[in-house]
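Visitor: The residues making up each chain are set out below.
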Amino acid sequence: MTFLFLLIPPFAAALLAGLVRPYRSWVGRANALLSLVPLGASLAFISRAVSGAPAPTFGPNELLRADSLSALILACVTGVAALALFLGPNLNVSAESAEQVRRYQIFVNLFIAAMLLAVSANNVGIMWVAMEATTIFSALVIPLTLTKASVEASWKYILIGSTGIALAFAGTVLAYFDFVNLVGPIENALNWPALMTNASALHPEIIRLAFIFLLVGYGTKAGLAPMHTWLPDAHAEAPAPLSALMSGVLLAVAIYAILRWKAVVDAVVGPTFTNQLLIILGLFSITIAAFSLVIQRNYKRMLAYSSIEHTGLICLGLGMGPMGIFAALLLLISHCTAKSMLFLLAGNILHRYNSTKIGQVSGLLKAMPWTGGLFTVGLLALIGLPPFGMFVAELALFRAGFAQSNPWLMAATILLLTVAFVSLLRHLNKILYGPIPEGVGAGENFGWRTALLFINVAVLTTLGLTLPAPLVTLLNQIIGIIVK
Amino acid sequence: MYNSLFSQLSILGASLALLSGILLLWRRNLSSYVDAFQWQSVVLSGLFVIVGYFDHNPELYLVTVIFIALKVFLIPRALRRMQTRFAVERERDPYLNVPSLLIVSGMLVILAYAVMRPVVAISSLPTRGGLPLALGLVFIGLLVILTRKKAFTQVVGFLILENGITLLALLGTYGIPLIVELGVFLDALMGFLVMQIFIYHLHGTFESIDVDHLNQLRH
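Protein chains in written order, with my numbering: chain S, 1 to 484; chain E, 1 to 219.
Rather than coming from a laboratory, the hints here were simulated on the basis of the structure. Glycine included, each C-beta is placed from N, C-alpha and C at the ideal position. Hints should not be assumed to be uniformly reliable.
Rough simulated footprint, nothing fancy, chain E against chain S, three-plus residues with beta-carbon under 8 Å [claimed, not checked]:
no., segment
1, 104–114
2, 150–161
3, 198–212
4, 327–340
5, 353–359
Bound-form chain S, shown alone:
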């Protein structure tokens, strides 16, 4: 039942926006309220998982399933989705932008629905179908205003994204091939628990091959270097709420897909193989991102490269055993909270300054005290300063790395993080201080739009000061699911 509350509201919201012509602002308000229903549903999944009940399933052949891992990612997705819909361009719509906003509402809600389906699907084939759908729907939102930059970004995104995800499908087919060879073409052959149960009998060489395809494929969506080239373009050109969704949770959903397959592959060949691949790709992503951050001149691209850096960090953690996975999941939660807030604030800045160039934005603290203040908090949280969650997560990551006696790897990571740290602070400094450019108004009122973002600040601070017991239970359950 809860699955219906999870999946129907976004489809209903898309339908509503599609049917009401011309677009009216009550549709936006209704859709924002509707987005609270899936959030409630995923919190229900979490409380159920924490209480130790078996994972609920739904539909013929147990089509949907929500264990602790799904529940955590679902909560991230629905939380950011609600935030994005409340702060999106849906209220007070002018006549000429009405058609654009209508299409935005349709595709963004379908995009959210696809992400939720990807995370709650039990069948890894359906998970793939939903992942591909996320590319299609999110790509449609990027060129809502046709500029050369947005058209270029959307083309790169759809082509690289679809090609990458097609390779993930080849990997899925290879794994299915091995499975069918073993147990015959049974109906639930692609269900994840069935894969896990029969994993010990699968053929190591074929599963390794399949995982390489899967990692390249879903890694493309997760923004792992060297398949990351679409990401800065797409995240920078998308409207702010979509950037928040893509950067905050779409990356997490792609990592979720990798994690599901990692569990299967580890059960076949042991964890060393996937760990090494994840560490190599993770470190490479952090390297590329850190040095790209140094030369950034555009604050939205700056945030995008920081996402690549964090995807890299998360993969590094996933490759370092149970302690590493614990750290990676904490990183994932903190990143989705901080990055969604930062991209939404970047939208405010763009609206006021009419430019995404760091060089043309100065005096933000004077021009927009609330936005500037929150932007500072978000960025400080992002670079891993206490008292925010990222600090604790990175500390846990380093502890895991040293415990695994990977001192050189950790030294390199710390060095690269310092590069990223310094360049992000330097860019932040340029944005915050200095004179306000001419033609940019000063002053900003405190409204509910600002107040909503304090939820993110509260989450980040809580995670930095304490680890709530239910969260620890949930994370330990997830580790138990992945590490058999």
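Given the structure of chain S, go ahead and fit chain E onto it with the hints provided.
Guide: Leaving out everything else, chain E in the frame of chain S:
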């Protein structure tokens, strides 16, 4: 096993599909790409029917009907319409010249054989001989996407890559579960439509579908 009619037909079909993919590497005319893709889809439909017949699997006939509607009629028709629109534009010199492209594609097929060796070894299906060719087709699709300069050709490359994966699933497992298959078709259709919209966007804003012109976004 390799001698049975079924296995010979499947290897023949897979080879024809691969050849029609390689055709893309030396032709310049956009309309010949559409022809190649359409013929490849016809070959694949034939293979679907053959596998359905020998495996006594009526589900595959349903999949065949959808496949034909989508890949033999709908998508080639939309491609032709696009191609007449951009009739003036021919494919320019690719990033590699044609002889080296053909050499690379030959090496990719050999690579596919090497990669698929364990897969072919454990399979007992009569169709297993075609599996490396299917992966070869996937690699050729990737090569087309990477080396061509027209957005149009890249889309055809992507479609060929999709056909390669379909072939892989067909020969390796006689098709995937129906519900997944339907989802894949839906994605393929939507993905193609969106790519088509974006090509018109490209043509509208850059006055060309040449991806060399895409240089607004750097660093």
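Visitor: Please go over all the hints and tell whether each is borne out by the structure.
Guide: Results for each hint:
Counting residues of the segment 104–114 of chain S whose C-beta sits closer than 8 Å to any C-beta of chain E gives 0, which falls short of three, so the coverage hint is violated. Note: the segment 150–161 of chain S has 8 residues with beta-carbon separation from chain E under 8 Å; the three-residue rule is met and the coverage holds. Counting residues of the segment 198–212 of chain S whose C-beta lies closer than 8 Å to any C-beta of chain E gives 4; at least three are required, and the coverage claim holds. Counting residues of the segment 327–340 of chain S whose beta carbon lies closer than 8 Å to any beta carbon of chain E gives 0, which falls short of the minimum of three for the stated coverage.
Counting residues of the segment 353–359 of chain S whose beta carbon lies closer than 8 Å to any beta carbon of chain E gives 0, which falls below the threshold of three, so the coverage claim is violated.
Violated hints, listed in ascending order, are 1, 4 and 5; each of the other numbered hints is respected by the structure.
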